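Line by line, the protein sequences give chains H and W. Using the working numbering, you'd call the opening residue of the first sequence number 1 and step up by one each time. Using the working numbering, you'd call the opening residue of the second sequence number 1 and step up by one each time.
Please note: incorrect hints may appear among the correct ones.
[What the hints assert, rightly or not] If you anchor each label on the Cβ, the simulated ranges turn out as follows:
| # | chain 1 | residue 1 | chain 2 | residue 2 | range |
| --- | --- | --- | --- | --- | --- |
| 1 | W | Glu69 | H | Ala422 | 42 to 48 Å |
| 2 | H | Gln391 | W | Lys246 | 25 to 31 Å |
| 3 | W | Val56 | H | Lys70 | 51 to 57 Å |
| 4 | W | Leu122 | H | His404 | 39 to 45 Å |
| 5 | H | Pro462 | W | Leu122 | 22 to 28 Å |
| 6 | W | Arg108 | H | Met68 | 50 to 56 Å |
| 7 | W | Glu52 | H | His404 | 43 to 49 Å |
[Claimed, not checked] Only some residues are given here: those of chain H computed to face chain W with a beta carbon under 7 Å:
| # | residue |
| --- | --- |
| 8 | Asn161 |
| 9 | Asp430 |
| 10 | Phe433 |
| 11 | Tyr434 |
| 12 | Gln437 |
| 13 | Arg438 |
| 14 | Gly439 |
| 15 | Ile440 |
| 16 | Ser441 |
| 17 | Ser444 |
| 18 | Leu448 |
| 19 | Gly452 |
| 20 | Tyr453 |
| 21 | Lys455 |
It is worth saying that the hints were derived from the structure and are not from the lab. Treat the numbers as computed from the prediction; the structure is a model and nothing was measured. From the three backbone atoms N, C-alpha and C, an ideal C-beta is built for every residue, glycine too.
Here are the chains, one letter per residue:
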Amino acid sequence: MESEANKILDEVTQGDYKYGFFTDIDMEYAPTGLSEDTIRYISNKKNEPEFLLEFRLKAYRHWLTMAMPKWAHLDIEPINFQDIIFYAAPKRKRELSSLDEVDPELLATFTKLGISLDEQKKLSGVAVDAVIDSVSVKTTFSDTLSKHGIIFCSFSEAVQNHPDLVKQYMGSVVPYTDNYFAALNSAVFSDGSFCFIPKGVRCPMELSTYFRINAANTGQFERTLIVAEEGAYVSYMEGCTAPQRDENQLHAAIVEIVAMKDAEVKYSTVQNWYPGDKNGLGGIYNFVTKRGICKGSNSKISWTQVETGSAITWKYPSCILMGDNSVGEFYSVAVTNHHQQADTGTKMIHLGKNTRSTIISKGISAGKSNNSYRGQVRISKNAVNSRNYSQCDSLLLGSRCGAHTWPYIQVDNKSSIVEHEATTSKISEDQLFYCQQRGISAESAIGLIVNGYAKEVLKQLPMEFAVEAQKLLSISLEGSVG
Amino acid sequence: MLLQIKNLHAGINGKEILRGVNLEVNKGEVHAIMGPNGTGKSTLASVIAGREVFDVTAGEILYKGKNLEALSIEDRAREGIFLGFQYPVEIPGVSITNFLRTAVNEIRKFKGLDPLPGGDFLRLMEEKKRLVEITSNLTNRSVNEGFSGGEKKKNEIFQMAMLEPMLAILDETDSGLDIDALRIVANGVNKLRRPDNAFVVITHYQRLLDYIVPDFVHVLFEGKIVKSGSKELAIELEEKGYDWIKKEQEA
Numbered sequence: 001m002e003s004e005a006n007k008i009l010d011e012v013t014q015g016d017y018k019y020g021f022f023t024d025i026d027m028e029y030a031p032t033g034l035s036e037d038t039i040r041y042i043s044n045k046k047n048e049p050e051f052l053l054e055f056r057l058k059a060y061r062h063w064l065t066m067a068m069p070k071w072a073h074l075d076i077e078p079i080n081f082q083d084i085i086f087y088a089a090p091k092r093k094r095e096l097s098s099l100d101e102v103d104p105e106l107l108a109t110f111t112k113l114g115i116s117l118d119e120q121k122k123l124s125g126v127a128v129d130a131v132i133d134s135v136s137v138k139t140t141f142s143d144t145l146s147k148h149g150i151i152f153c154s155f156s157e158a159v160q161n162h163p164d165l166v167k168q169y170m171g172s173v174v175p176y177t178d179n180y181f182a183a184l185n186s187a188v189f190s191d192g193s194f195c196f197i198p199k200g201v202r203c204p205m206e207l208s209t210y211f212r213i214n215a216a217n218t219g220q221f222e223r224t225l226i227v228a229e230e231g232a233y234v235s236y237m238e239g240c241t242a243p244q245r246d247e248n249q250l251h252a253a254i255v256e257i258v259a260m261k262d263a264e265v266k267y268s269t270v271q272n273w274y275p276g277d278k279n280g281l282g283g284i285y286n287f288v289t290k291r292g293i294c295k296g297s298n299s300k301i302s303w304t305q306v307e308t309g310s311a312i313t314w315k316y317p318s319c320i321l322m323g324d325n326s327v328g329e330f331y332s333v334a335v336t337n338h339h340q341q342a343d344t345g346t347k348m349i350h351l352g353k354n355t356r357s358t359i360i361s362k363g364i365s366a367g368k369s370n371n372s373y374r375g376q377v378r379i380s381k382n383a384v385n386s387r388n389y390s391q392c393d394s395l396l397l398g399s400r401c402g403a404h405t406w407p408y409i410q411v412d413n414k415s416s417i418v419e420h421e422a423t424t425s426k427i428s429e430d431q432l433f434y435c436q437q438r439g440i441s442a443e444s445a446i447g448l449i450v451n452g453y454a455k456e457v458l459k460q461l462p463m464e465f466a467v468e469a470q471k472l473l474s475i476s477l478e479g480s481v482g
Numbered sequence: 001m002l003l004q005i006k007n008l009h010a011g012i013n014g015k016e017i018l019r020g021v022n023l024e025v026n027k028g029e030v031h032a033i034m035g036p037n038g039t040g041k042s043t044l045a046s047v048i049a050g051r052e053v054f055d056v057t058a059g060e061i062l063y064k065g066k067n068l069e070a071l072s073i074e075d076r077a078r079e080g081i082f083l084g085f086q087y088p089v090e091i092p093g094v095s096i097t098n099f100l101r102t103a104v105n106e107i108r109k110f111k112g113l114d115p116l117p118g119g120d121f122l123r124l125m126e127e128k129k130r131l132v133e134i135t136s137n138l139t140n141r142s143v144n145e146g147f148s149g150g151e152k153k154k155n156e157i158f159q160m161a162m163l164e165p166m167l168a169i170l171d172e173t174d175s176g177l178d179i180d181a182l183r184i185v186a187n188g189v190n191k192l193r194r195p196d197n198a199f200v201v202i203t204h205y206q207r208l209l210d211y212i213v214p215d216f217v218h219v220l221f222e223g224k225i226v227k228s229g230s231k232e233l234a235i236e237l238e239e240k241g242y243d244w245i246k247k248e249q250e251a
């Protein structure tokens, strides 16, 4: 019976990655490898002000003193940073006044990914910043948004047009000294998205960034900075894919969010980097530092993530709850299949009074994969009357995968309450039989059961993303029933 | 003939449970299978549905004249075999609506039909809910999650109404039901009876048969059908108890 079950699981989770195509675009590259010259090359290419070059060089020098972290439950091949190209950009003039000037190959790529960069054809009302390899190729709806005083543009444009804002906030939530990959990103980041919502403005549409790694042997290092002033609101979505390649590619990003008094930022990710093939060959190494600070009172930051891709995921979207009564949320579904490894979770750092945080984590492991939740809840002495609720569930498909939970909890006052619940379950033969007896195939049954299991998290996603995420969950587990 | 079981032997982990079952069911008929606990009633239902934990060691099951052996669980269901479960399993987070819509459309696909449009599906659900006297909020809940025993069984009957099977096997659907729930379940079955379908009702007690009147009653004992008769057999069993069968078998 076990073998029968494993056979079905295998069939369902052996599906292919459908975004694995490569687009042939005329590119320009930085010389392979990492040195101060590489950093000067990038900074020069981007015509950056002096302060940014200084920031990069300081980060690089600091990075040289650091070692790759080993505490995660991940088995990582050593990364040779001298083999990586740190800057790759489609060869085109930077200033694009209309869509006609975007390389048709690039447009075709995004159309293939289901993302329309044509504002006329875009009905769903989502503004998109499209980043391919190291640069942003097009940001839609910038004009519409600017009428509300909202700045939504690529990071490079922000550096040119709003250097003061960049200088004020960049590195204020994730300093370059934070960790190995944050230091690396700070040294070599090439582009990303910048978003500024002024006081009292509720952003009228969903903002989204779409990241695509295309070129071979390159790493992608983007930075996103979101600032919501007092009373502002924004919902932000991020999606990502990459071609299918036999070698591992590095992605090390930083996302920083600042929420002032009464502001709310909702950040949703559907991460679908190439996960490698079913034998564990290739795939993206995804080392990301995401952190938000609830700076003002009554502010709120909510992270929702659906993680299905990458060979390795190392990611802990966190909230620093500094303002009194501020709220942090983390909703996560992480799927691992074949030889994928994920070590993901969150940190909720309670500093202000009456701060509240919620953590809902749903891990799904199939194949020979390993899926770990790692979370820290820290309630400081001054964070009186604070609350945290954490729920960490693991679902196992088959008997060769692993699920692990590592909660770290520290409470330094007596008036706060912390709750942690964890469960581990398997899709039972009873459930499969019940579905099949109603005429539902094993594949569909697993899709149904997994989506049901992840429902609490999926319902947090904006509508535009929820449907995609549901499909992705089923596809990610194709070929895994067993 | 809809179902023909010939000398069926089946078991689990090398232990034989069914030891030569013979049964014939025609369209338009209702058969009751009775018997003491542990004689193989549920095993028989599971084997007809194709549950893989059971091994068929001898004999055959013909359905609409075709041998079921090579047919998967889902294809048997799509061909019109329905099993009402004794212990329906919970599927957290999956609404009954979503679950049934998936089932209905996979069955339609198997038959070469297009998926049922959303509006038509909802109308069909409303119609069937009325038929089996189900309150409206049940279908928004997750499949069997937090359902009472009675709600679970009503949900089984509702699903049967939605899927309109040719052959419905109800495995102790009456167990654990109070008299009102029992009546609703039985009414559902009676309303769904048609000249072109058939029911096999597995029950431990005669009580259900006051509401669903069978054409034939069979007694399953130690893996074999040892006695068959009309509905009077059920009454006789109720009076004399299963010891009567045991003694007859030992004699």
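Hint by hint, here is what the structure shows:
no.	hint	verdict
1	Glu69(W) / Ala422(H): 42 to 48 Å	44 Å, holds
2	Gln391(H) / Lys246(W): 25 to 31 Å	52 Å, violated
3	Val56(W) / Lys70(H): 51 to 57 Å	54 Å, holds
4	Leu122(W) / His404(H): 39 to 45 Å	43 Å, holds
5	Pro462(H) / Leu122(W): 22 to 28 Å	25 Å, holds
6	Arg108(W) / Met68(H): 50 to 56 Å	54 Å, holds
7	Glu52(W) / His404(H): 43 to 49 Å	31 Å, violated
8	Asn161	46 Å, violated
9	Asp430	4 Å, holds
10	Phe433	6 Å, holds
11	Tyr434	5 Å, holds
12	Gln437	5 Å, holds
13	Arg438	4 Å, holds
14	Gly439	4 Å, holds
15	Ile440	5 Å, holds
16	Ser441	5 Å, holds
17	Ser444	6 Å, holds
18	Leu448	5 Å, holds
19	Gly452	3 Å, holds
20	Tyr453	6 Å, holds
21	Lys455	4 Å, holds
Figure legend: structure checked against the earlier numbered hints; hints not met, in rising order: 2, 7, 8.
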